[in-house]
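**Student:** Sequence:
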Amino acid sequence: MSHAGESKTGAGDPAAAGDLPHAGESWAFAQSLVHSRRNVTPRRLVEPGPDAVQLQGLLALAAAAPDHGQLTPWRFVIVPQAQRHRLAEVFAQALSDRDPAATQQQLASAREKAHRAPLLMVAVACLGRREPDTPSLERMVSMGAAIQNLLLGAHAMGFGAGLTSGKAMASNRLRALLGLRDDEAAVCCVNIGTVTRNKPRDGLRPEPGAFVSTLGAP
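Under my numbering, read the sequence shown as residues 1193 to 1410, first letter to last.
Warning: the hint list may mix true and false statements.
Stated by the list, open to error - Ranges between beta-carbon positions, derived for each pair: (1) Ala1274 with Ala1362: 22 to 28 Å; (2) Gly1408 with Arg1276: 31 to 37 Å; (3) Gly1358 with Leu1396: 24 to 30 Å; (4) Leu1329 with Gln1297: 35 to 41 Å; (5) Gly1401 with Gln1298: 41 to 47 Å; (6) Gly1401 with Pro1240: 24 to 30 Å; (7) Gln1297 with Ala1255: 40 to 46 Å; (8) Arg1278 with Pro1400: 40 to 46 Å; (9) Thr1233 with Pro1398: 20 to 26 Å.
Please keep in mind that the hints were generated in silico from the structure rather than gathered at the bench. Note that this is a predicted model, so its numbers are computed, not measured. C-beta: ideal position from N, C-alpha, C; glycine also.
With the sequences and hints as input, model every part of the structure.
**Tutor:** This is the structure in structure tokens:
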């Protein structure tokens, strides 16, 4: 990813030049921010969510993700409250398509998933216009970095955030609702809001030795 450090905002950006003041303090803050972030389920997210200015700030963080070739191989579709009913019906219809025997309670539960977090965005991967130097896997890496930037930014603002997915992401009904091209795929929902109740940390994060090896080492 040879373009990973390039800025899309202009050459005058100090951060683009690698100029980070107070590096020691920045490193301590970065460790605290990353290690304290937890995935928060949409059920625990309530108003308020990010306002318009905060949302633009979060999206600017997404734009800082590594992006070989500067293709921006991802985008986000914001689903405002006034449009949640449309997403809810797609979730229910997608479930009915997969399971014609789904009960009314199951369909209601599928609809309810669209009405949880104050801010809901669908993350869309753009995998077309195949460039020989930027294969699809690299584009997905870029998308993952953009999403992580959003999650960390939301955490730094004091919000909770989490990702949700499911079989509905591959539904043709969802594709039609979002207006996806043939070379695009809905990957997950990004949910952001105020945490209504904290939960004990569950699960252990792996130690570096569990996922790092050294070439040539015994």
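**Student:** Determine for every hint whether it applies to the structure shown.
**Tutor:** Against the structure, the hints come out as follows:
{"no.": "1", "hint": "Ala1274 with Ala1362: 22 to 28 Å", "verdict": "holds, 26 Å"}
{"no.": "2", "hint": "Gly1408 with Arg1276: 31 to 37 Å", "verdict": "violated, 54 Å"}
{"no.": "3", "hint": "Gly1358 with Leu1396: 24 to 30 Å", "verdict": "holds, 25 Å"}
{"no.": "4", "hint": "Leu1329 with Gln1297: 35 to 41 Å", "verdict": "holds, 40 Å"}
{"no.": "5", "hint": "Gly1401 with Gln1298: 41 to 47 Å", "verdict": "holds, 43 Å"}
{"no.": "6", "hint": "Gly1401 with Pro1240: 24 to 30 Å", "verdict": "violated, 41 Å"}
{"no.": "7", "hint": "Gln1297 with Ala1255: 40 to 46 Å", "verdict": "holds, 41 Å"}
{"no.": "8", "hint": "Arg1278 with Pro1400: 40 to 46 Å", "verdict": "holds, 44 Å"}
{"no.": "9", "hint": "Thr1233 with Pro1398: 20 to 26 Å", "verdict": "holds, 22 Å"}
Against the hints set out earlier in the document, violations occur for numbers 2 and 6.
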